[in-house]
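S.K.: As given, the protein sequences belong to chains A and B, one line each in that order.
Per the working numbering, the first sequence starts with residue 1, numbered consecutively.
Per the working numbering, the second sequence starts with residue 1, numbered consecutively.
Keep in mind that a hint or two might mislead.
Which copy? The list can't say, so a pair holds if one copy fits it or any two copies do.
[To be verified] Straight-line alpha carbon distances no greater than 30 Å define the calculated BS3-like cross-link-like pairs of lysine-lysine that follow:
#1 Lys167 - Lys121
#2 Lys158 - Lys15
#3 Lys32 - Lys81
#4 Lys158 - Lys87
#5 Lys91 - Lys32
#6 Lys15 - Lys91
#7 Lys71 - Lys158
#8 Lys157 - Lys121
#9 Lys121 - Lys15
#10 Lys157 - Lys71
#11 Lys32 - Lys157
#12 Lys87 - Lys15
#13 Lys71 - Lys167
#14 Lys121 - Lys23
#15 Lys121 - Lys158
#16 Lys157 - Lys81
#17 Lys91 - Lys12
#18 Lys15 - Lys167
#19 Lys158 - Lys91
For the record, the hints were derived by calculation from the structure and aren't laboratory data.
Protein chains: 2
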Amino acid sequence: MFFDQTIPPFIKILKNLSAILDKADAHATSRKFDVSILLNDRLAPDMFNLIRQVQIACDTAKLGAARLAGKTGPVNDDGEKTLSDLKERIKQTVAYLETFAPGDFAGAEERHITQPRWEGKYLLGEDYLLQHAIPNIYFHVSAAYAILRHNGVEVGKKDYLGELPFKH
Amino acid sequence: MFFDQTIPPFIKILKNLSAILDKADAHATSRKFDVSILLNDRLAPDMFNLIRQVQIACDTAKLGAARLAGKTGPVNDDGEKTLSDLKERIKQTVAYLETFAPGDFAGAEERHITQPRWEGKYLLGEDYLLQHAIPNIYFHVSAAYAILRHNGVEVGKKDYLGELPFKH
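Could you put together the complete structure from these sequences and hints?
M.R.: As C-alpha cells, then:
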C-alpha cells in the first residue's frame with residue numbers, strides 16, 4: 001500500500017514537472033529571453049522561487065519514500081542554478097525512487113517519522129504519508145506550475161496530470 | 001484503504017481551504033477592499049478564478065468519493081458568488097464526505113470510473129484515485145492558495161497543511 005501511494009505517483013508527477021520545465025525552456029527560447037528569469041521568479045516576495053519549488057518537490061519525494069522505508073536518502077546540496085541542473089535533480093530523484101520495492105515499506109504504517117524542525121515530535125507513518133508527504137509534493141509541483149502559468153507559459157492541467165491509463 | 005486515502009484527507013484539506021478563505025476575508029476587511037476582488041482574481045487570463053478553483057476542489061472531493069463508491073453525488077449549480085457562498089459549498093461537501101463509511105468502498109480498486117468528457121473510456125478505481133482525484137484536489141487547493149498569496153494575503157504552508165497529529 002505505501003509503495004503504491006508513493007513510488008509510482010511521485011515518479012509520475014516529477015516526470016510531469018520535468019516536461020513542464022521543458023515547455024518553460026521552449027517558451028523562453030521562442031520569446032528570446034533567458035529562462036533563468038522564469039527559474040528565479042516567484043508569486044510573492046516572501047514565497048519560494050521556481051528553483052526552490054522544484055528542489056522541495058524533489059526532496060518531498062526523496063525524503064517521503066526514505067523516511068517511510070526507514071532509510072536515509074542521498075544528500076543534495078541544492079546548488080541548482082540552471083534548467084538543466086533542475087532536470088538533472090529530478091532525474092536523480094526519480095532514479096532513487098526507482099530503487100524501492102514494495103517490501104521496503106514493511107511496517108511503514110506505524111513507523112515514527114520525524115525531521116529536525118519537529119524538535120523530537122513525530123508523526124506515525126500513515127499520518128505522515130497522508131497529511132504531509134502527499135499534500136506537500138502536489139503543493140510544490142502546483143506552485144512551480146503556477147509560477148510558469150502566471151508568466152504565460154502554455155501549460156495546462158494535462159501537463160500536470162500527465163498521461164492517464166485509460167481503458168476502453 | 002480507499003476510505004483512508006480519500007475521506008479524512010479530503011475533509012481536512014477542504015477545511016483548511018475554508019480557513020484560508022477566512023484569512024482572505026480578514027485581509028480584505030483590514031485593507032478596506034471588497035473581498036470579491038480576490039474571489040474573481042486569477043493567475044493568468046485563461047486560468048480559473050478563485051471561485052472556480054474552490055468549486056472544482058469541492059467537486060473533485062465529492063465526485064472522487066462518489067465515483068469510487070459507485071454512488072451519485074449531490075448536484076451543485078456552481079452559483080457561488082460570495083465568500084460565504086463558497087464557505088457554504090465547502091461545508092456541504094464536507095457534510096457529504098462525512099456520510100461515507102469504509103465499507104462503501106468495497107470493490108473500488110477494480111471499479112470502472114468514467115466521466116462524460118472521457119467519451120466512454122474509463123480508469124480503474126486505483127488509477128483514478130492516485131493519478132486523478134488526489135493530484136487534482138491538491139492542485140486546485142494550491143491554486144486557490146497561490147491566488148491569495150500572490151495578492152498579499154498572509155497565508156503559509158501551515159494553513160495549507162493544517163494541524164498535524166504530532167506525537168511525543
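S.K.: As a check of your reading, is Lys121 near Lys23 (CA-CA no more than 30 Å) within one copy, between copies, both or neither?
M.R.: Classified as between: cross-chain Cα gap 28 Å, same-chain 41 Å, threshold 30 Å.
S.K.: With 30 Å as the alpha-carbon cut-off, assign the pair Lys158 and Lys87 to within, between, both or neither.
M.R.: This pair counts as both: shortest intra-copy Cα distance 19 Å, inter-copy 28 Å.
S.K.: Could you place Lys71 and Lys167 in one of the four classes (within, between, both, neither) given a Cα distance threshold of 30 Å?
M.R.: Between copies only: 21 Å across chains, 36 Å inside a chain, cut-off 30 Å.
S.K.: Check Lys15 against Lys91 for me: Cα-Cα at most 30 Å, and say if that holds within a copy, between copies, both or neither.
M.R.: within (8 Å within a copy, 35 Å between copies)
S.K.: First find the shortest C-alpha distance between Lys157 and Lys121 inside one copy, then the shortest across copies, and answer within, between, both or neither for a cut-off of 30 Å.
M.R.: Result: close only across copies, 18 Å inter versus 37 Å intra.
S.K.: Go through the copies and call it for Lys32 and Lys81: within, between, both or neither, with a Cα cutoff of 30 Å.
M.R.: For Lys32 and Lys81, only the intra-copy Cα distance (19 Å) is at most 30 Å; the inter-copy one is 41 Å.
S.K.: How would you classify Lys87 and Lys15 at a CA-CA limit of 30 Å: within, between, both, or neither?
M.R.: within (9 Å within a copy, 35 Å between copies)
S.K.: First find the shortest C-alpha distance between Lys157 and Lys71 inside one copy, then the shortest across copies, and answer within, between, both or neither for a cut-off of 30 Å.
M.R.: between (34 Å within a copy, 26 Å between copies)
S.K.: With 30 Å as the alpha-carbon cut-off, assign the pair Lys91 and Lys12 to within, between, both or neither.
M.R.: within (12 Å within a copy, 32 Å between copies)
S.K.: Evaluate Lys121 and Lys15 at a C-alpha cut-off of 30 Å and name the case that applies: within, between, both or neither.
M.R.: between (33 Å within a copy, 24 Å between copies)
S.K.: What label fits Lys121 with Lys158 when the C-alpha limit is 30 Å: within, between, both, or neither?
M.R.: between (38 Å within a copy, 16 Å between copies)
S.K.: If the cutoff is 30 Å on CA atoms, where do Lys15 and Lys167 land: within, between, both or neither? Let me know, please.
M.R.: Within one copy, since 22 Å is at most 30 Å while 34 Å is not.
Against the hints set out earlier in the document, no violation occurs for any number.
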